[in-house]
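Going down the list, the sequences are from chains Z and C.
With this note's numbering applied, the first sequence covers 1 to 845.
With this note's numbering applied, the second sequence covers 1 to 158.
You can trust all of the hints, since none of them are fake.
Below, a list of computed lysine to any residue pairs in the SDA-like style, where the Cα atoms sit at most 20 Å apart:
(1) Z/K107 / C/V108
(2) Z/K730 / Z/S540
(3) Z/K107 / C/G123
(4) Z/K729 / Z/M538
(5) Z/K107 / C/D151
(6) Z/K43 / Z/R94
(7) Z/K838 / Z/R700
(8) Z/K107 / C/T117
(9) Z/K107 / C/A92
(10) Z/K107 / C/R121
(11) Z/K107 / C/D105
(12) Z/K319 / Z/P437
(13) Z/K838 / Z/M723
(14) Z/K107 / C/Y156
(15) Z/K737 / Z/W588
(16) Z/K107 / C/G89
(17) Z/K107 / C/T122
(18) Z/K319 / Z/D426
(19) Z/K107 / C/V157
(20) Z/K107 / Z/G453
(21) Z/K107 / C/N88
(22) Z/K192 / C/S101
(23) Z/K482 / C/T147
(24) Z/K482 / C/R138
(25) Z/K731 / Z/D526
(26) Z/K482 / C/T122
(27) Z/K482 / Z/L455
(28) Z/K107 / C/S101
(29) Z/K107 / C/T147
(30) Z/K192 / C/V108
(31) Z/K107 / C/A150
(32) Z/K107 / C/D94
(33) Z/K620 / Z/F661
(34) Z/K482 / C/G123
Calculated from the structure, these hints are not laboratory results.
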Amino acid sequence: MTRLSGVPLKFTFDGRELTGFLGDTLASALLANGIHQVATSIKYGRPRGIVAAGVEDSNALVQIEAPFPEPMLSATTVELYDGLVARGLSGQGRLAAEPDPARYDAKHAHCDVLVIGAGPAGLAAAAEAEGRVLLVDDQPDGEAPEGVRFLSRTTAFGIYDDGFVLALERRGEPAAPERISRQRVWRIRARKIVLATGAHERPIVFPDNDRPGIMLAGAARTYLNRYGVLAGQRVVVFTTNDSAYEAASDLAAAGAEIVRIVDAREGYGVIGTDGDTHITAAHVAKLGEMEGERVECDLLLVSGGWNPAVHLFSQARGKLRYAPELGAYVPDGDLPTVSVVGAAAGEGLPEVKTLWQVPAPESEVDTRFVDQQRDATVSDVLRATGAGLRSLEHIKRYTTIGTAHDQGKTSGLLAAGITAEALGVDLATQRPTTFRPPYTPVPFAALAGRNRGDLHDPVRVTMIHPWHVEHGAEFENVGQWKRPWYYPQPGESMHDAVLRECRAARTSVAVMDGSTLGKIDVQGPDAGAFLDMLYTNMMSNLKVGRIRYGVMCGVDGMVIDDGTVIRVGEERFLVTTTTGNAAMVLEWMEEWLQTEWPHLNVFATSVTEHWATIPLVGPKSREVLGRLAPDLDVSNEAFGFMTWHDAEVAGIRARVCRISFSGELAYEINVPSWYGLALWESIVDEGATPYGTETMHVLRAEKGYPIIGQDTDGTVTPQDLGMSWAVSKKKVDFLGKRSFARAENNRPDRKQLVGLLPVEPSVLLPEGAQIIESETVPEPPVRMLGHVTSSYDSAALGRTFGLALVRSGRERIGETLYVPVGDQVVPVTVTESVLFDKEGARRDG
Amino acid sequence: MTVDAVEEPFRTQLTVRLREGHSLLGVDLPGPCTFTSANGVDILWMGPDEYLVLAEPGRQIELETALREAGALAVVDVSAQRNVLRLNGEHARDVLAHGCSIDLDPSVSPLGTCVQTLFARTGIVLMVREEGFTILVRQSFANYFTTWLADASLEYVS
Chain Z
1 MTRLSGVPLK FTFDGRELTG FLGDTLASAL LANGIHQVAT SIKYGRPRGI
51 VAAGVEDSNA LVQIEAPFPE PMLSATTVEL YDGLVARGLS GQGRLAAEPD
101 PARYDAKHAH CDVLVIGAGP AGLAAAAEAE GRVLLVDDQP DGEAPEGVRF
151 LSRTTAFGIY DDGFVLALER RGEPAAPERI SRQRVWRIRA RKIVLATGAH
201 ERPIVFPDND RPGIMLAGAA RTYLNRYGVL AGQRVVVFTT NDSAYEAASD
251 LAAAGAEIVR IVDAREGYGV IGTDGDTHIT AAHVAKLGEM EGERVECDLL
301 LVSGGWNPAV HLFSQARGKL RYAPELGAYV PDGDLPTVSV VGAAAGEGLP
351 EVKTLWQVPA PESEVDTRFV DQQRDATVSD VLRATGAGLR SLEHIKRYTT
401 IGTAHDQGKT SGLLAAGITA EALGVDLATQ RPTTFRPPYT PVPFAALAGR
451 NRGDLHDPVR VTMIHPWHVE HGAEFENVGQ WKRPWYYPQP GESMHDAVLR
501 ECRAARTSVA VMDGSTLGKI DVQGPDAGAF LDMLYTNMMS NLKVGRIRYG
551 VMCGVDGMVI DDGTVIRVGE ERFLVTTTTG NAAMVLEWME EWLQTEWPHL
601 NVFATSVTEH WATIPLVGPK SREVLGRLAP DLDVSNEAFG FMTWHDAEVA
651 GIRARVCRIS FSGELAYEIN VPSWYGLALW ESIVDEGATP YGTETMHVLR
701 AEKGYPIIGQ DTDGTVTPQD LGMSWAVSKK KVDFLGKRSF ARAENNRPDR
751 KQLVGLLPVE PSVLLPEGAQ IIESETVPEP PVRMLGHVTS SYDSAALGRT
801 FGLALVRSGR ERIGETLYVP VGDQVVPVTV TESVLFDKEG ARRDG
Chain C
1 MTVDAVEEPF RTQLTVRLRE GHSLLGVDLP GPCTFTSANG VDILWMGPDE
51 YLVLAEPGRQ IELETALREA GALAVVDVSA QRNVLRLNGE HARDVLAHGC
101 SIDLDPSVSP LGTCVQTLFA RTGIVLMVRE EGFTILVRQS FANYFTTWLA
151 DASLEYVS
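Chain Z with its partners taken away, still in its complex shape (with noise of 0.2 Å):
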């Protein structure tokens, strides 16, 4: 027989070739082969067909094995494509272990009108629609009133707040991944939402309602007239209302016998079905007799009504309101921005006798399924009720009901019901389980669309970056910044890489790319009482032409940043923060100056990225400069420490600041990031030896420079740091002054910085190591001292070190702890925080 488009199409299901059409979905295919049963259910074993012929069906799900695989998809739901290789599923399927070859992605559409379902109801709507209109409907065909733009094999899937709605869009199978996407997530933005999303036809609760060959009538209905597939030849039809004698009839034309219909308005029910993979007979009774006539057929039609689809309704937190007459849920009237037309607002469904389960015969085992994907039966609900339970949200986490892939679309309201009746209650006043998103399942990989890979989040990097990759750079990431960590010569370990940089930085010249470094323009009249206001010490007496390093801290008093402050004129400074809190710095002053002090004339802009940062360190970094800026002074007479000057270098305007981090003679090179590159070459070829952050690190934890979120951790206070000289006794007020004089602030016993030096030199100290006071670990609970915060092997040294945050550290200076390392206990002796050039000498060279 050719049916649909007669394009035929090879399919392999449960490991037998098949054919289908072009058009057919994967269950219309296997009904036309005359497959009904497609799995077996996941608690009992029990064989189970297809119920729908849409996303309500709650029995076929299938593992798609190739092209790719992919894990429960209903069967309906399924659009055939040569190629396509499935298995019923029993519950759960598997993911792929392979990364997937499709590409995912999403798009933004807005429009005055989004009309969701393209229905008779949902194209009258849109038809009617003015201005922009959008109409999204999840059958793969159709088509669209004039000027009405249309997507289909999209499914609705989500609405949040202000008009904004996700759809699935179904881009074609198999997948042209070099080029367009498989599936692709809308992000759609509406002034409007009109809900046309139809119905879903109820089944009715009776023994053995699960067995393959017993579907909704509406189902095969829809297999008929839509794919030509007649689903059975004897067809017992048991209704509560007229829609089911449609199916009927269109059946009996296409040629099937319909042998009964059961109809509970006149009395009559289904109380049993004979059948192991396939339905043989119903048993019809009048309604409440326990005995029944055994009626002979191969397909039963189900209807117990129609349920309208509020599923999107209800997540816009439409109000719902039962209505008897239907027995299912409708909209309680329209929202400002949402409306709701045709079957889904109620509208045209056929009267229904309420009928949620029929009286049944006692049986061991009951096979009364509610919910058939989750093997739940009537006696499940009952357990529940037994228990005490009444909300339909606590039964339904109790049963499972509801809480599969179809997320109870023809369950709920079945457990309502038998819920409401097992209570003696009115199911007007039974609350309704929430609806929530999605409405149908997405995939993890459709909503991660483009976002995955190398574009999973932001790579930041310096206009430098190019050569660090050339160099053979090891990254360090610090937020989303690419960092270079250390340039490993061939054959040589990270350990060997940085002490060879650290050497270089002490006793030749070293170059770092320090650009992702946070620096902040502040100009106006009152930037100096603002930067008062905003660091510990002293800035507005700063001198034009001088830098001063600065503590800030929050309201608490803990230290939150820290930098260098650079006065570029009476009213400009430019601030530099540590790279991970540029943004945050930025957003601090902002917030200061908008809320609190709006009276001050002083304007914050960042220019992190406008300027490339280039440290150049060490006793021969004079030379180097002073070959590169031939016009500049570099003599420590003309250009002293913590003062700047601006000059061409290597040919490029820049800015050159003596500041160091290191401890050593050092300059600080900014020029516009544009040339960044440009001016690291030249340096390089002046013979400067390139070292990445973690040298930096060790240079500075030599000289006992704590480094702000590594060293502190939001508790920790600049006294804490051994930095009281950066706190000013002078000015009358700056943020985190009052929190100064809390008494907590002035224990004896807080943490302090110091220094660690393991007792056997080559110990290395985990970061994180907690410290205790004894040789040996005792019993718990055991008091922590506090914990290594940095620690590195050292080249100027000659040996490891740490620094820590101790309790009453600098009285501990000369002491001996214990740190605890695995199975060992490691003794240090707790020093100075200042372990390299205490005095200081080799500032200037």
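Assemble chain C onto chain Z, guided by the hints.
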């Protein structure tokens, strides 16, 4: 090709802060979410008292002087802070719609529109011009931005 992206390197870019006034450099000041142009200068609205002046390369010092004389409260050279990119072609709007949630329909975002928004996960400044779009992206994000943009364009280029 139905999408075309070209960088405009080394443009002059100055952040200007100004609380009162109607024009700068002979250009009327733009209102919220717009930009204005005259005499080879674009002025972009960046906030209630913040503008970005965009001009051809090399005019930093000249324009900064002029802006200060015109009463700007603050002027900062940020020329190298952001890369400038022009995006043209029949499908430019489509490509942007993949990463940007702004409604770029001409009825909503006419010529002269200027918004600060996200493209994928990076901030951008987006200007709607007669000949297409001008996009400003922070320099450190430029690699990420162009990689993402190129990937999103695949469907639309021949």
